[in-house]
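Those sequence lines, one after another, are chains A and B.
Under our numbering, read the first sequence as residues 1 to 132, first letter to last.
Under our numbering, read the second sequence as residues 1 to 132, first letter to last.
One should not assume that every hint holds.
As the list claims (entries may be wrong) - The calculated label-pair distances, taken between Cβ atoms and stated as ranges, are:
{"no.": "1", "chain 1": "A", "residue 1": "Gly56", "chain 2": "B", "residue 2": "Leu79", "range": "17 to 25 Å"}
{"no.": "2", "chain 1": "B", "residue 1": "Thr121", "chain 2": "A", "residue 2": "Glu14", "range": "32 to 40 Å"}
{"no.": "3", "chain 1": "B", "residue 1": "Asn65", "chain 2": "A", "residue 2": "Gly66", "range": "13 to 21 Å"}
{"no.": "4", "chain 1": "A", "residue 1": "Asp78", "chain 2": "B", "residue 2": "Gly33", "range": "17 to 25 Å"}
{"no.": "5", "chain 1": "B", "residue 1": "Leu79", "chain 2": "A", "residue 2": "Leu79", "range": "39 to 47 Å"}
{"no.": "6", "chain 1": "A", "residue 1": "His94", "chain 2": "B", "residue 2": "Leu79", "range": "33 to 41 Å"}
{"no.": "7", "chain 1": "A", "residue 1": "Thr123", "chain 2": "B", "residue 2": "Glu93", "range": "19 to 27 Å"}
{"no.": "8", "chain 1": "A", "residue 1": "Asp34", "chain 2": "B", "residue 2": "Glu12", "range": "17 to 25 Å"}
{"no.": "9", "chain 1": "B", "residue 1": "Gly105", "chain 2": "A", "residue 2": "His94", "range": "39 to 47 Å"}
Claimed, not checked - Reference listing, derived: stretches of chain A covered by chain B, where coverage requires no fewer than 3 residues with Cβ under 8 Å from a Cβ of chain B:
{"no.": "10", "stretch": "37–50"}
{"no.": "11", "stretch": "60–68"}
For the record, the hints were derived by calculation from the structure and aren't laboratory data.
Glycine is no exception: its CB is placed at the ideal position from the N, C-alpha and C atoms.
Listed below are the residues making up each chain.
There are 2 protein chains.
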Amino acid sequence: MSDQPNIRELTEDETWEILGKHQIGRLATAVGGDVEIFPVNFAATNRRIFVRTAPGSKLAEIAVNGHVAFEVDEVGADLAYSVVLKGAAEILEHDDDITDAEATGLLTFLDTHKPVWLRITPTAMSGRRFTR
Amino acid sequence: MSDQPNIRELTEDETWEILGKHQIGRLATAVGGDVEIFPVNFAATNRRIFVRTAPGSKLAEIAVNGHVAFEVDEVGADLAYSVVLKGAAEILEHDDDITDAEATGLLTFLDTHKPVWLRITPTAMSGRRFTR
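The whole structure should be built from the sequences, with the hints applied where relevant.
This is the structure in structure tokens:
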């Protein structure tokens, strides 16, 4: 909890509500002390984060270390929010899982081929609301 | 370089131009395979990233491993940008360095006490422009 009057910790429900309103987040991975950060398209549903991606360095990192961090923020004139979570990322391979992921209806910014789904199951999350 | 017609790699100058237009970025750190991501207020000047922060977990992480990643993005209806860089973060301790950092005029979202300056010197950076 924060002791500053203009910062409030969000409840878990509020945190999921913020995640549900956004489609762009940032995924961070770490392999051998080397850290990477990727902007990603995502959908939040059933208390999981689903990310559509193309084969590349993101997947290579996650195959080595599935412990990831994920962030979303929203900054307005007088109000800002941030959500950070840590969790386990899996590359979805089973048809049932991929069907669930596709049911999110997630589109990507470009209509390019992003055939791989990641699912992040949070192990810790926090959200904060800032007013000024 | 991308082979997709609607994705263009930014030049280094364009990348700094995008960084110069923003004040909120995301800093990722890694210690022992554990990754953290923090939304931060920043200023880009003289080809360095300056971040104002308060004592806390961010600084503890950087004291252990100063190799960080940093990200900024901007998403509009038809155009989006992202910039990702990797670099070495230092906690500024010398008066001259702190004077340089303060000269950026960086404000934080809240007028709270954030007395510590970080300076990130990029070792690799990339920027992309997406149109649809």
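Closer than 8 Å Cβ to Cβ for three or more residues is the test here. Does the stretch 60–68 of chain A pass it with chain B? holds (count 3)
Falls inside 32 to 40 Å, the C-beta gap from Thr121/B to Glu14/A? 37 Å Cβ-Cβ, so the 32 to 40 Å window holds.
Is 19 to 27 Å respected by the C-beta to C-beta distance linking Thr123/A and Glu93/B? Violated, since Thr123/A and Glu93/B (Cβ atoms, about 35 Å apart) do not stay within the stated range.
Asn65/B versus Gly66/A beta-carbon gap, inside 13 to 21 Å or not: With a Cβ separation near 20 Å, Asn65/B and Gly66/A satisfy 13 to 21 Å, so the hint holds.
Distance restraint evaluation - Asp78/A, Gly33/B, Cβ atoms, bounds 17 to 25 Å: violated (39 Å)
For the stretch 37–50 of chain A, do three or more residues have a beta carbon lying closer than 8 Å to a beta carbon of chain B? Three-residue rule met by the stretch 37–50 of chain A, so holds; n is 3.
Evaluate the given range 17 to 25 Å for the C-beta pair formed by Gly56/A and Leu79/B. Given about 22 Å between the Cβ atoms, the range holds.
If I claimed the Cβ atoms of Gly105/B and His94/A lie 39 to 47 Å apart, would that claim hold in this structure? violated (52 Å)
Return holds or violated for the Cβ distance of Asp34/A and Glu12/B against the range 17 to 25 Å. Given a distance of about 22 Å, which is inside 17 to 25 Å, the answer is holds.
Leu79/B versus Leu79/A beta-carbon gap, inside 39 to 47 Å or not: violated (25 Å)
Outcome for the supplied range 33 to 41 Å, where the beta carbon pair is His94/A and Leu79/B: holds (37 Å)
In summary, the structure is inconsistent with hints 4, 5, 7, 9 from the numbered list given earlier, while agreeing with the others.
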